[in-house]
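Residue numbers (our numbering), protein chains in the order written: chain A, 1 to 563; chain B, 1 to 563.
None of these hints come from the bench; they were simulated from the model.
Misleading hints may appear alongside valid ones.
You can't tell identical chains apart in this list, so a pair holds if it fits in one copy or across any two.
Straight-line distance between alpha carbons at most 30 Å, and here's what the computed DSSO-like set of lysine-lysine pairs gives [unchecked claim]:
#, residue 1, residue 2
1, Lys-22, Lys-241
2, Lys-113, Lys-528
3, Lys-241, Lys-528
2 protein chains.
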Amino acid sequence: MAAPTSPQPPLDFSHHFSRVTKGRQANSLKKFYRFFAIPGIGNLAGGLPNATFFPYDTLEAQTARPDRWQPSPNEPSNITRKLDSTSLETPDTSAASHITVPHLAAVTDPLQKIDLTTFLQYGLVEGYPPLFSFVRQFARETLHPNVPYLNGPEVILSCGNTDGYSKVIQAFTNEWTPGRDWVRERESILCEEFAYLSGIQASQPKGLQVVPVKIDTQGMLPSGPGGLEDILANWDERTGKRPHLMYTVTIGQNPTGSLLPLQRRKELYAICSKYDVLIIEDDPYFCLQYPSVPNLEAAARGVPLPRDPEVHTLPKKSGFPFIDSLVPSYLQIDTDGRVIRLDTFSKTIAPGCRLGWITAQPAIIERILRITEASTAQPSGFVQAMVAELLIGDQPAKVEFMRKNRAEQKAFRGWKVDGWVRWIEGLRGSYERRMTRIDWAVISKTEMYNFDWPRGGMFVWVRMCFDSHPLASQVPGPEISSTFWVYLTQEPNLLLVAPGQTFCPTPEIAAEEGWKFFRLCFAAVEEKDVELCSERFAHAVATFWTIKSKKELEDINDGFYDG
Amino acid sequence: MAAPTSPQPPLDFSHHFSRVTKGRQANSLKKFYRFFAIPGIGNLAGGLPNATFFPYDTLEAQTARPDRWQPSPNEPSNITRKLDSTSLETPDTSAASHITVPHLAAVTDPLQKIDLTTFLQYGLVEGYPPLFSFVRQFARETLHPNVPYLNGPEVILSCGNTDGYSKVIQAFTNEWTPGRDWVRERESILCEEFAYLSGIQASQPKGLQVVPVKIDTQGMLPSGPGGLEDILANWDERTGKRPHLMYTVTIGQNPTGSLLPLQRRKELYAICSKYDVLIIEDDPYFCLQYPSVPNLEAAARGVPLPRDPEVHTLPKKSGFPFIDSLVPSYLQIDTDGRVIRLDTFSKTIAPGCRLGWITAQPAIIERILRITEASTAQPSGFVQAMVAELLIGDQPAKVEFMRKNRAEQKAFRGWKVDGWVRWIEGLRGSYERRMTRIDWAVISKTEMYNFDWPRGGMFVWVRMCFDSHPLASQVPGPEISSTFWVYLTQEPNLLLVAPGQTFCPTPEIAAEEGWKFFRLCFAAVEEKDVELCSERFAHAVATFWTIKSKKELEDINDGFYDG
């Protein structure tokens with residue numbers, strides 16, 4: 001065993017920055033901010049409106065208590081039956097707190113000052129101090145206590161992960177135009193063979209080449225044909241620069257629902273380190289990991305329970321058994337400082353937040369801060385105020401707070417880190433139970449389709465066996481597939497699912513493999529409808545497989561195009 | 001007089017789009033949205049969390065009534081005394097409404113549905129329907145009823161004007177790197193000789209050359225040396241492409257406080273049309289126009305009152321005398337469709353909103369929508385919900401609303417367009433009175449500094465006459481200027497002002513002219529401090545001009561660098 005070494009500073013990755021990003025400079029007006037703190041100073045410098053003129057005197061909300069949802073077990077090694085499968089969950093909205101962001105808070109500590117005078121004024125690019133410091137501490141001490149490089153990572157708030165990804169791409173890629181720029185200058189980005197493509201598609205007009213890496217049920221393959229090492233070792237420079245970026249969703253992978261274990265992470269990371277690839281880890285579902293699934297799936301399929309569950313041992317603990325039980329981020333093995341992680345409140349609070357954060361080594365965060373100054377400036381103060389008040393809570397010095405009786409004061413407290421962890425733990429429980437309500441176990445034994453139960457996230461990735469369809473010899477597979485998609489939307493099936501082609505990084509994958517898959521999301525529909533929809537799906541497949549004439553297929557599409 | 005012609009479609013400006021912007025395509029997942037509306041459809045397609053799991057049961061606020069602030073006259077032709085100069089304004093916060101955004105609203109009309117199930121879920125890129133339609137109608141019918149091209153402009157919400165500017169620059173400029181790209185490909189942007197540079201500086205790393213246009217007390221000069229025509233007609237293509245973009249703040253120009261009259265607009269627009277320049281009109285202060293100023297200033301200076309005030313006659317009226325009295329946007333004379341206007345709620349609601357909108361011809365808005373999909377996705381649902389509830393208000397069908405008594409129901413109504421116009425009219429009144437509290441009339445007659453009273457916005461642009469300083473022959477002007485800036489921050493002066501160099505688009509202007517100016521903002525300090533600060537400034541100048549030894553100047557800077 002190697003002797004423990006003292007932490008080293010992260011590597012210098014400035015050679016990865018784009019030309020534009022290298023040239024960015026700090027906003028010249030920002031240098032005056034330090035003078036704002038001179039006592040009694042008359043600030044005629046900033047172009048700020050007066051807070052008196054904000055038309056909001058308070059912002060308020062009824063909010064859930066952190067224990068609204070029931071957690072599921074962290075280590076359900078002996079669970080072989082569905083969790084709570086007989087009762088639907090209804091929230092106890094009577095157990096709620098009322099939170100208030102006042103116009104002016106009496107506290108002077110900027111880390112505690114949550115008021116409209118601050119949060120509705122121009123703010124710091126990295127975030128208003130109370131929320132920024134909460135998120136920073138949560139990222140550094142709770143989510144990622146093991147980041148190996150010296151002094152750990154820095155964070156900056158983002159407007160959600162689409163925005164975060166867009167800024168990271170700005171930071172690390174140059175525009176490239178076919179016919180104008182040298183092919184050898186074309187940049188590339190690695191991603192999973194089936195991937196969440198909204199961000200990637202958005203960066204394709206910049207000339208970025210997308211390079212898929214083969215996956216299995218755990219995620220990217222480190223070795224073997226089409227695996228990461230294979231692609232990087234055998235890269236043909238005549239087609240463009242070897243990829244220096246990887247985009248990956250490792251937990252509840254979208255669309256396949258897989259979970260990348262620690263051991264596999266280490267193998268992939270070592271290859272990225274060898275070939276100098278930066279890792280963009282987009283992790284919206286980090287808390288939605290379903291440890292009950294391996295056993296439940298085995299039980300449903302009537303196969304032996306899996307032995308030796310994956311172990312995720314890391315030296316430092318977060319202090320929260322739930323967090324410690326989760327597969328860790330790439331950050332926790334990031335000796336080089338090459339991981340840029342994207343977090344969002346979209347799945348843990350609400351997508352409408354448009355609020356998240358980016359975690360990476362400080363020199364990278366500094367460049368992203370410059371990009372933020374030049375674009376979004378900061379996430380809206382409205383969402384920052386409401387989330388800060390929810391997570392951090394009213395401070396005892398507030399006049400309104402002191403007027404309340406003791407019981408009310410207790411109810412008014414913010415969630416704090418404990419409450420936040422309890423909330424996401426409850427969310428995991430709810431989504432895990434919801435997922436296990438899918439009633440397809442028996443049907444997955446048929447020849448018509450198959451799937452792995454998702455190990456995390458919100459999606460089931462269904463592989464259709466269209467070659468077993470009665471018309472398979474007469475109608476091309478992709479045509480049967482698109483007709484089946486239309487068939488699903490029609491009476492009595494009434495189901496909307498996402499076609500596999502949507503998740504194919506290249507036209508080749510779409511043509512060869514994409515049409516065989518559909519992604520089904522079990523998160524958005526009402527819980528009572530999860531079973532209903534899965535039954536509808538099973539029924540639709542069964543009836544679709546009874547279709548024996550091409551005319552019937554054509555009629556389905558006719559109805560579609562008329563509508 | 002020419003016969004009125006029927007409206008023509010806007011011109012095609014696709015040749016202005018950047019290479020990346022031309023290549024953008026619609027998000028491939030968005031095409032499924034139309035299926036979401038099928039009755040009874042089980043939506044397993046979108047990767048949406050369930051609204052049940054949002055931890056907010058309501059969002060609420062105490063909000064001002066629209067008549068909180070007193071308007072000032074629209075046509076104060078006979079005003080020669082300061083407005084309300086003896087009493088400070090204090091808001092009547094008891095006259096407030098309580099607004100509530102419920103978790104689920106009973107209304108089905110998407111234009112009226114303001115609830116958390118909608119606004120905290122993923123939304124449409126252009127904005128959630130109720131707020132988007134309010135803003136669109138306000139822009140098309142109230143603010144700009146005269147846009148001359150066929151069918152008028154389109155709008156899209158932005159995350160404020162920094163974000164809006166960043167997107168417009170993405171739409172219309174290509175990256176350019178010195179030493180790598182041909183000089184002839186370098187793009188340029190026109191702006192005022194003294195300008196708000198945050199956005200422009202942010203786009204300089206993209207290689208964009210900044211080209212200043214000479215200004216006078218009204219704004220850009222159409223003709224004469226350094227005027228717009230002079231620059232464009234005599235452009236030297238060897239230094240890069242002739243500018244195809246203009247960035248301009250025409251109302252309450254930042255930093256000079258000028259107001260570009262309609263006649264001047266027409267002259268500048270004709271030149272832009274002749275040389276195919278797109279106009280980016282950044283207009284955060286559109287409602288802060290101060291018609292009392294010409295008379296007040298003349299009275300204070302003891303000169304004859306100005307005759308023949310500028311007239312802004314346009315054929316269609318908004319229905320609001322206040323709006324009709326304002327200098328109109330470039331949009332209202334935009335026959336070609338070459339104006340891209342940036343609006344923000346930063347100065348009319350609060351900067352922390354990070355919410356605004358872009359108005360331009362539909363084909364331009366469509367490209368900006370594609371850029372938005374790939375970056376911010378949408379402004380936060382929290383601010384959209386709170387602003388929608390403020391402006392549009394609770395709908396009668398809501399259960400909570402029906403439970404209230406009649407008086408409460410009245411108090412709960414949203415502002416509607418009438419209320420919104422009344423609010424910004426009151427804001428204008430408050431800022432106009434606040435500005436006239438500046439007590440410099442008599443001092444402006446001295447030789448030490450001079451300025452024009454601002455015709456709009458939040459700033460006074462003060463020109464210092466450092467050549468009248470006792471040490472002018474021994475110490476370079478820029479050095480006296482920077483020492484004076486430090487002197488202002490020290491006891492007993494305690495003033496922070498923005499140095500003129502901060503607003504200089506080129507190093508040459510900064511070196512030759514910038515150091516002679518300071519920008520003073522009267523908006524941010526408390527109203528009672530406006531007079532105090534102006535007195536402090538006058539006193540600081542007077543005492544600074546008594547300094548007769550270089551040693552004293554050096555001592556001032558010493559203290560600064562120690563601090």
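Now for the hints, and whether the structure bears them out:
| no. | hint | result |
| --- | --- | --- |
| 1 | Lys-22 to Lys-241 | both (19 Å within a copy, 24 Å between copies) |
| 2 | Lys-113 to Lys-528 | between (42 Å within a copy, 25 Å between copies) |
| 3 | Lys-241 to Lys-528 | neither (50 Å within a copy, 62 Å between copies) |
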